[in-house]
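Asker: Sequence:
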Amino acid sequence: MRKPFPDGHAPFTDTLTPGVPLDQIGQTLASFYDDLISEGVPAHLASLVRRVRETKPEASTAAGPAERALCGGPGGNLAIVVEDDDSIRHLAETLLEETQLEVVGCASAEEALTVLQRRGGEVALVFADVRLAGEMNGLQLVRAIATLWPRARLVVTSGQRVQRPDLPQEAVFIAKPWRPVDVLVEAERAAREPAPPIA
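If you count by the numbering used here, then the sequence shown holds residues 109 to 307, one letter each, in order.
Calculated from the structure, these hints are not laboratory results.
All C-beta atoms, glycine included, are put in the ideal place defined by N, C-alpha and C.
There may be inaccurate statements among the hints.
Claimed, not checked - If you anchor each label on the Cβ, the simulated ranges turn out as follows: (1) D194 - Q268: 13 to 21 Å; (2) E206 - P273: 15 to 23 Å; (3) L292 - S195: 26 to 34 Å; (4) E301 - D194: 12 to 20 Å; (5) D194 - Q277: 18 to 26 Å; (6) Q271 - E206: 29 to 37 Å; (7) R269 - Q208: 18 to 26 Å; (8) Q208 - Q271: 27 to 35 Å.
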């Protein structure tokens, strides 16, 4: 049985690491946040870290219908498509909807981080273009995801060449124009292969 906080509330937990209070996750993130910044992750991550640290139990009960839908249930398989070109994003979404994964499309890294903040523990696949709307690009996004949500399978795409050192070790690169079969193969791996253990 979990011990309540001094104010009587039970610790609020997240699906990222079941049973671990969010304030403890926030403290851990804050402890290596400076290192992330030095590696090129932009200040947008600071806002995400602050929100994780400041999450209160009341926040989930006060959420509106749209926010409750976004939160989803535990244990789902979620794919996030991050692409600022509407037609390409819709094509990728339609393709991934034919798999076992639930699909959410985002035009920017900032939108994707909002989804990840609420449903990070459910994310099986992130399919992200390098060039995105907003201030954060796809490489910065996948580096943040590799650190904060290490169980997600990362697939990066671009019409430009991307150097291997620019990608997280776990990420897969697919050049544009990508073939549907290549995307489907990665989706099947994300849905069927066990998630890597959290170190």
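Asker: Which of the numbered hints above does this structure break?
Answerer: Violated hints: 2, 3, 4, 5, 7; rest satisfied.
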